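Can you build the whole structure from these sequences, using the hints too?
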Amino acid sequence: MNTFTLRIIACNRVFYDGECEILIFPGYGGQMAIMAHHESMTCSIEIGEISFRTPDGDTHVAIVSDGLINMEKNKATVLVYSAERPEEIDKFRAEAAFERAREQLKQKQSIMEYHVSSASLARAIARIKGKEKFDFH
Amino acid sequence: MANAREIQNRIRSIKDTMKITKAMYMMSSMKLRRAKQKLEDTEPFFYALQEQISSILSRFPEMHHLYFDNREKDRRELVKKKGYIVITGDKGMAGAYNHNVMKKAQELAKNAEDYHMYVVGEVGRHHFAALNYPVDETFLFSANNPSIHRARVITERIVDLYNREELDEVYVIYTRMINSMKEEVEVQQLLPLKTRQFVRQELLDKVQPSEFDKETLESADDWFLIYPSPKKVLEKLVYNYVTGFIYGALVESSASEENSRMMAMQSATNNAEAMLTILSIQYNRIRQAAITQEITEVIGGAKALKKKKKLVR
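These protein sequence lines map, in sequence, to chains A and B.
Start counting at 1 in the first sequence, then tack on 39, and there's your number in the numbering used here.
Start counting at 1 in the second sequence, then tack on 14, and there's your number in the numbering used here.
If you are wondering where the hints come from, they were derived from the structure by calculation, not from laboratory data.
Worth double-checking, as some hints may not be accurate.
As the list claims (entries may be wrong) - Listed next, the in silico DSS-like pairs over lysine-lysine satisfying Cα-Cα at most 30 angstroms (straight line):
1. B:LYS250 - A:LYS168
2. B:LYS324 - B:LYS94
3. B:LYS94 - B:LYS208
4. B:LYS118 - A:LYS112
5. A:LYS114 - B:LYS94
6. B:LYS208 - B:LYS118
What the hints assert, rightly or not - Computed footprint of chain A on chain B; a stretch qualifies when at least three of its residues, placed anywhere within it, have a C-beta under 8 angstroms from a C-beta of chain A:
7. 47-58
8. 251-257
9. 303-317
To be verified - Away from chain B, derived, C-beta distances all over 12 angstroms, residues of chain A:
10. ARG46
11. ASN51
12. MET74
13. HIS99
14. PHE131
15. ILE150
Remember, it's a predicted structure, so these values are computed and weren't measured experimentally.
We put the CB at the ideal spot given by N, CA and C, even for glycine.
Below, the structure is given as structure tokens:
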């Protein structure tokens with residue numbers, strides 16, 4: 040299968056840098072997939088899970104926050120604030136964040152604060168979901 | 015010349031100060047290690063972000079938008095309202111670190127007609143408030159332990175002000191660590207974004223643009239998919255860029271702060287050691303002089319007594 044170069048960079052580490060066969064990510068309004076020799080494009084990534092298959096046949100999953108993807112000359116760059124493997128997620132922390140964000144949303148807030156707390160709520164939900172879906176320990 | 019007791023007091027007080035500077039040195043070297051690790055982790059993101067932004071902007075369709083500041087209305091404005099995000103430390107005792115940033119900010123403010131300051135860090139906030147600069151009083155953020163969450167909240171505020179057109183231009187003033195001996199104050203314009211002609215020119219102006227760059231630029235007008243729409247992507251891009259840049263700047267600044275504090279404390283300890291050597295030599299001399307004098311006095315006294323005895327006999 041043809042491959043393309045994929046780089047997933049989060050703000051605290053390089054999550055993945057190497058070859059990839061197919062990349063599935065949450066785009067605006069639904070999931071999208073990219074394969075080798077995709078046309079040049081840029082697209083926004085929503086909070087959720089991305090998965091990609093490496094040439095050795097393994098499928099990797101990452102829970103990501105929002106960001107952008109840039110595809111150019113068979114090289115894809117995914118820039119997100121955070122990217123975590125399901126087993127790295129601390130479920131208790133995610134649940135605490137979930138409760139906190141819900142609590143904050145119930146209170147009267149400015150539009151600005153509303154943006155911040157709704158985004159953290161979405162991140163917490165994505166983390167909990169990813170943890171429950173992929174991590175069986 | 016001071017007497018022995020005075021010098022002894024002096025030596026004691028210098029020794030006490032040295033204990034503090036030594037402890038602070040140890041602490042900041044520990045913090046520096048952590049900050050440097052963070053900086054190292056962030057660097058790929060920081061540079062990839064700037065690369066991605068200029069790559070996307072160089073192929074962005076021609077459009078008039080608030081974020082490009084090229085609308086008719088923006089052109090007619092004579093005075094641009096500027097916002098300066100100044101990143102200082104929470105504490106002093108860091109050599110010229112805080113001073114350099116504040117000096118740069120004041121320099122920029124002098125040339126601006128209408129501006130507002132958004133200061134991160136306690137030292138800068140006090141400094142500018144005391145000098146009656148237009149500082150946003152509600153912009154309260156600590157420079158310690160930067161987190162992406164803090165960068166997000168800062169971005170939310172700044173972009174909100176920009177969207178309401180209370181700011182026309184946003185700059186960030188921070189300290190970049192070049193290596194462990196050298197750091198530099200840098201000013202970066204965050205908003206409005208550069209238009210695509212500008213980005214292309216910049217790419218061409220780079221020292222020896224490679225064939226690859228040229229080719230990319232020439233084919234830049236070819237079909238380029240922006241999904242879901244340029245406007246939506248632009249919005250995300252702005253948030254991403256500002257958040258990423260502010261986070262990077264916070265991390266760079268905190269590493270620089272710890273680094274300059276460590277160096278300042280190191281040189282303070284060295285100075286204290288040098289002073290102690292000089293003072294202890296002085297003290298020994300005075301003590302020796304005092305002993306010699308006492309001995310002479312005793313001998314002189316004894317001689318006088320002997321003479322007296324002879325005379326009496």
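Results of checking the hints against the structure:
1. Restraint check for LYS250 (chain B) and LYS168 (chain A): the C-alpha separation of about 24 angstroms stays at or below 30 angstroms, so the hint holds.
2. At most 30 angstroms may separate the alpha-carbon atoms for a hinted pair to count; LYS324 (chain B) and LYS94 (chain B) exceed this at roughly 103 angstroms.
3. Under the criterion of a C-alpha separation no larger than 30 angstroms, the hint pairing LYS94 (chain B) with LYS208 (chain B) is consistent with the structure, at around 16 angstroms.
4. Under the criterion of a C-alpha separation no larger than 30 angstroms, the hint pairing LYS118 (chain B) with LYS112 (chain A) is inconsistent with the structure, at around 41 angstroms.
5. Under the criterion of a C-alpha separation no larger than 30 angstroms, the hint pairing LYS114 (chain A) with LYS94 (chain B) is inconsistent with the structure, at around 39 angstroms.
6. A distance of roughly 23 angstroms separates the Cα atoms of LYS208 (chain B) and LYS118 (chain B); the hinted pair therefore holds under the 30 angstroms criterion.
7. Counting residues of the region 47-58 of chain B whose CB falls under 8 angstroms from any CB of chain A gives 4; the rule of at least 3 is met.
8. Coverage of the region 251-257 of chain B by chain A holds. Counting CB-CB distances below 8 angstroms, 3 residues qualify, and the rule asks for three or more.
9. Counting residues of the region 303-317 of chain B whose CB lies closer than 8 angstroms to any CB of chain A gives 0, which falls below the minimum of 3, so the coverage claim is violated.
10. The Cβ of ARG46 (chain A) does not lie farther than 12 angstroms from every Cβ of chain B; its closest approach is about 7 angstroms, which violates its non-interface assignment.
11. Its beta-carbon lying about 5 angstroms from the closest one in chain B, ASN51 (chain A) breaks the requirement of being farther than 12 angstroms from that chain.
12. No beta-carbon of chain B is positioned within 12 angstroms of the beta-carbon of MET74 (chain A); the least distance is around 14 angstroms.
13. The non-interface label for HIS99 (chain A) is consistent with chain B: the shortest C-beta to C-beta separation is roughly 19 angstroms, beyond 12 angstroms.
14. For PHE131 (chain A), the non-interface assignment is confirmed: its Cβ lies about 18 angstroms from the closest Cβ of chain B, beyond the 12 angstroms cut-off.
15. Some Cβ of chain B comes within 12 angstroms of the Cβ of ILE150 (chain A); the nearest lies about 8 angstroms off, and the non-interface call is violated.
Hint violations for this structure: numbers 2, 4, 5, 9, 10, 11 and 15, all remaining hints satisfied.
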